[in-house]
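Using the sequences provided together with the hints, build the complete structure.
Number of protein chains: 2
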Amino acid sequence: MSDQDVVTEEREDEDDAYALDQKTVAAILEAVENGDAAELTRLMEPLHAADIADLLEQIDSSDRRALITLYGKEFDGEILSELDESIREDVISALSPQVLSDAVREMESDDVVDLLEDLEKPQQDAILEVLEAADRLAVERALSFPEYSAGRLMQREVVMAPEHWTVGEAIDYMRNKDDLPDQFYHLILVDPRLRPTGYVALGKLMAARRDTKLTDLLETSFRTFDVDEEEGDVAYAFNQYHLISAPVVDDDGRLVGVITIDDAMIVLDEEHEEDILRLAGVGDESLSDSTLTIVRQRFPWLAINLGTAILASAVIAQFESTLAAVVALAVLMPIVASMGGNAATQTMTVAVRALATRDLTRSNALRVIRRELVAGFLNGCVFAVLMGAIGMVWFGTPMLGIVLGAAMIINLVVAGLAGVLVPLTLEKVGVDPALASGAFVTTVTDVVGFFAFLGLAAFLLI
Amino acid sequence: MSDQDVVTEEREDEDDAYALDQKTVAAILEAVENGDAAELTRLMEPLHAADIADLLEQIDSSDRRALITLYGKEFDGEILSELDESIREDVISALSPQVLSDAVREMESDDVVDLLEDLEKPQQDAILEVLEAADRLAVERALSFPEYSAGRLMQREVVMAPEHWTVGEAIDYMRNKDDLPDQFYHLILVDPRLRPTGYVALGKLMAARRDTKLTDLLETSFRTFDVDEEEGDVAYAFNQYHLISAPVVDDDGRLVGVITIDDAMIVLDEEHEEDILRLAGVGDESLSDSTLTIVRQRFPWLAINLGTAILASAVIAQFESTLAAVVALAVLMPIVASMGGNAATQTMTVAVRALATRDLTRSNALRVIRRELVAGFLNGCVFAVLMGAIGMVWFGTPMLGIVLGAAMIINLVVAGLAGVLVPLTLEKVGVDPALASGAFVTTVTDVVGFFAFLGLAAFLLI
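Each protein sequence line maps, in turn, to chains A and B. Counting from 1, position 249 in the first sequence corresponds to residue 436 in my numbering; the numbering is continuous, with no gaps. Counting from 1, position 341 in the second sequence corresponds to residue 528 in my numbering; the numbering is continuous, with no gaps.
Don't take each hint at face value.
[As the list claims (entries may be wrong)] Listed below are the simulated DSS-like cross-link pairs for lysine-lysine, each with C-alpha atoms no more than 30 Å apart in a straight line: (1) B:K364 / A:K400; (2) A:K210 / A:K260; (3) B:K260 / B:K308; (4) A:K308 / A:K260; (5) A:K615 / B:K210; (6) B:K400 / B:K364; (7) A:K364 / B:K615; (8) B:K364 / B:K308; (9) A:K210 / B:K615; (10) A:K400 / B:K400; (11) A:K400 / A:K364; (12) A:K364 / B:K400.
Keep in mind the hints are simulated off the structure, nothing from the lab. As the structure is a computational prediction, the values presented were derived from the model and not from experiment.
Shown next, in the form of structure tokens:
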């Protein structure tokens with residue numbers, strides 16, 4: 188870490204401008220305790236819906252219910268869309284039917300979809316019921332697309348124009364249309380069969396003369412998504428090609444919606460979060476999950492780890508007589524396994540990320556594997572000399588140092604190899620590398636580490 | 188993992204639409220080998236600059252240089268801005284001075300800044316020299332802001348209007364302005380001292396009548412950033428408050444630039460990447476780094492890990508006589524340490540992410556710590572029973588099972604505690620929790636794991 192990094196971190200810590208202010212939270216909780224609705228409304232008024240959602244996530248369940256009851260009909264739909272899934276059901280069940288129906292009615296239809304998809308059926312139905320007929324239809328239509336698809340992500344409100352129009356015609360049309368979406372960035376051109384053929388940025392439209400043809404202002408960045416395209420692929424394309432918005436088309440190529448960069452940003456953020464948590468063997472966990480939820484979520488990974496640890500122990504058990512003869516081996520053996528595990532985690536993380544960003548492909552896989560092998564060998568040699576010396580001095584047995592050093596080299600080379608090959612193989616067979624690589628890789632380095640060290644010791648020391 | 192997840196992963200794998208096509212890469216490399224410039228240009232023509240950059244990252248260094256030489260003056264500035272830092276210097280040094288200067292001249296000034304900031308001084312100067320005077324000034328001005336600040340991130344081209352204007356005046360002004368930026372989404376209103384007071388979305392401007400006052404169309408999402416604000420905070424605010432663009436102001440509150448969501452998305456992406464890699468003990472590493480670079484980058488973390496592993500060994504060494512008496516202990520002890528390490532990594536990752544997203548604050552820290560303690564205890568109990576039974580059956584000594592179970596509970600509770608407390612403490616003292624938590628946490632669980640297990644064994648078994 189450079190000096191500059193340290194300075195940046197400190198600045199960030201001091202100037203934590205966007206975290207909810209500690210005093211505000213305390214004052215809000217006090218108002219809730221005193222049942223002072225006027226004071227609560229006054230304190231909450233300047234907060235953005237996203238901050239109110241964060242607040243609800245941070246306080247405990249009984250405070251949350253008390254706050255919601257006291258806040259009453261001030262509670263609006265935007266807060267609902269900002270809430271973490273883990274407490275949505277809890278919050279919704281705390282809202283009075285009237286407040287819930289008001290809140291949902293003022294939400295955009297794509298936000299209602301986002302809210303509904305994680306709810307249980309009875310809550311879903313209750314919310315669908317309060318929607319107006321047209322909105323309900325739109326929401327149900329959206330829910331008919333597969334989860335995590337472009338169809339779920341898109342807004343159905345699009346602004347389109349025939350290809351042959353001029354700038355003036357487009358502006359007049361928009362000025363007279365009274366249901367334009369709140370946010371849109373491109374005017375989408377469509378052919379007579381409603382198939383998008385290009386788009387014009389609003390800024391270009393503004394700057395052009397009224398008699399300019401729309402087709403003269405087309406953006407080169409134009410690309411469309413199929414309605415059933417996976418949302419992760421959509422987010423990747425937005426990031427890779429710097430898209431701001433993009434039309435979504437159905438199987439016949441007809442325009443059915445539009446995806447904007449802010450939605451893509453949220454997906455990208457979620458996918459990253461998922462990768463980080465999966466790499467650590469945690470499921471889709473959040474800070475507002477209950478204790479029992481996290482116990483259940485973490486159990487499977489710990490159970491798998493127990494299995495691999497027992498496997499490693501079984502390897503050690505093969506060398507009981509060796510260990511009984513030279514107890515120093517028991518003292519030193521965790522070092523070899525631990526170094527292997529760490530080196531493998533480094534390689535594996537780089538590989539998993541490179542697969543996610545599509546930087547690791549068949550064109551460079553062999554070169555990456557070779558690089559990791561050599562890197563493992565080089566670092567292995569350095570640490571072999573270091574540990575060999577330490578082992579020798581500590582226990583006064585030169586051969587022990589040699590065994591330790593040799594085992595270190597073997598395990599770091601294996602770590603580099605397993606760190607790339609395991610994620611590559613998982614990706615090939617269609618399992619998320621972020622999810623399963625860790626368990627496999629650690630098993631390999633533990634087993635190889637103990638086996639190499641104790642095996643060499645049995646051969647050379649006894 | 189639910190069934191649905193599995194299906195999604197598989198779909199993603201089949202439909203890898205955005206990775207560079209394997210055949211295209213092979214054909215391009217063949218054209219390079221044959222020195223067929225026409226064929227190369229034909230193959231590269233349909234590729235987006237971002238894809239060409241990916242291609243250059245994936246092929247090896249000699250192919251890369253051959254390709255660049257053959258591609259000649261087709262090479263454009265956009266490819267340069269898309270390139271990963273790790274190979275930028277290499278690519279730039281392969282470009283002929285004429286091609287480089289043409290490429291740089293056609294870049295936007297903020298892209299030139301982004302390109303320059305990672306280059307060595309001589310290459311920086313060479314590029315600054317080829318810029319036109321006005322551009323050079325703009326770039327030098329931008330470089331005068333601290334690295335990773337809003338000032339570096341912003342575009343200097345802004346579209347602004349006096350507060351008292353109407354929609355018609357604004358549209359006429361924009362139509363007559365011939366240096367509008369390529370992409371902009373808001374018209375920023377400023378007071379007579381050029382301080383931004385609000386903004387109007389272009390879509391709203393389009394839809395309104397010409398005599399509407401701009402102040403009647405203001406967006407509520409308006410917020411400004413200081414020029415020296417940290418880019419991570421800017422990205423966080425864009426994500427939290429769903430911003431599309433935001434004005435940047437200097438110390439006097441005057442408008443100096445604008446940041447758009449696509450730039451914020453890139454920063455968010457980079458910060459995530461950094462967190463993932465740091466959690467795994469890898470620096471700012473990329474797939475195109477050379478072997479020696481990655482050896483050097485990974486060495487420090489491995490060295491730290493060696494230190495902690497030796498510490499753990501020193502703990503084990505205290506129990507040499509115990510181990511000599513009961514060799515089974517050596518077989519079983521890695522299980523306790525490994526389970527602790529895994530449980531701690533789970534908790535730590537959740538805590539580090541929650542700190543990054545500002546979900547873990549003083550308001551809920553105590554509750555989160557309590558939750559982790561209880562979760563550690565509960566999972567500890569389950570695994571204690573499981574492992575106790577296995578230990579007992581395997582080695583036929585009931586007391587060994589009890590020792591193993593008790594050590595497991597102790598270590599999982601400690602893992603939960605350390606997993607939250609270490610990141611919280613690091614954040615408080617201004618060190619990036621993602622960077623340093625792993626080493627501390629693993630040391631704690633290794634030391635406690637071995638000590639609890641061997642200590643209890645020494646006390647109860649001998």
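Restraint status (C-alpha distance of K364 of chain A to K400 of chain B at most 30 Å): Judged against 30 Å, a Cα distance of about 19 Å means the pair holds.
Proposed proximity, K615 of chain B with K210 of chain A (alpha carbon, max 30 Å): 18 Å, holds
Pairwise hint evaluation, K615 of chain B against K364 of chain A, where the allowed Cα distance is 30 Å at most: With a Cα-Cα distance of about 53 Å, the restraint between K364 of chain A and K615 of chain B is violated, given a limit of 30 Å.
Given pair status - K364 of chain A, K400 of chain A, alpha carbons within 30 Å: 20 Å, holds
Hint consistency between K400 of chain A and K400 of chain B [alpha-carbon to alpha-carbon, up to 30 Å]: Judged against 30 Å, a Cα distance of about 28 Å means the pair holds.
Straight-line alpha-carbon gap K308 of chain A to K260 of chain A, limit 30 Å: 25 Å, holds
Hinted pair K260 of chain B and K308 of chain B, Cα distance within 30 Å: Measuring from Cα to Cα gives roughly 25 Å; hence the hint holds.
Restraint check for K615 of chain A with K210 of chain B, where alpha carbons must lie at most 30 Å apart: 18 Å, holds
Given hint K364 of chain B paired with K400 of chain B - CA-CA distance at most 30 Å: 20 Å, holds
Given pair status - K400 of chain A, K364 of chain B, alpha carbons within 30 Å: 19 Å, holds
Agreement of K210 of chain A and K260 of chain A with the hint, judged by alpha carbon distance not exceeding 30 Å: 25 Å, holds
Given pair status - K308 of chain B, K364 of chain B, alpha carbons within 30 Å: 37 Å, violated
In the structure shown, a violation is registered for the earlier hints numbered 7 and 8, in ascending order.
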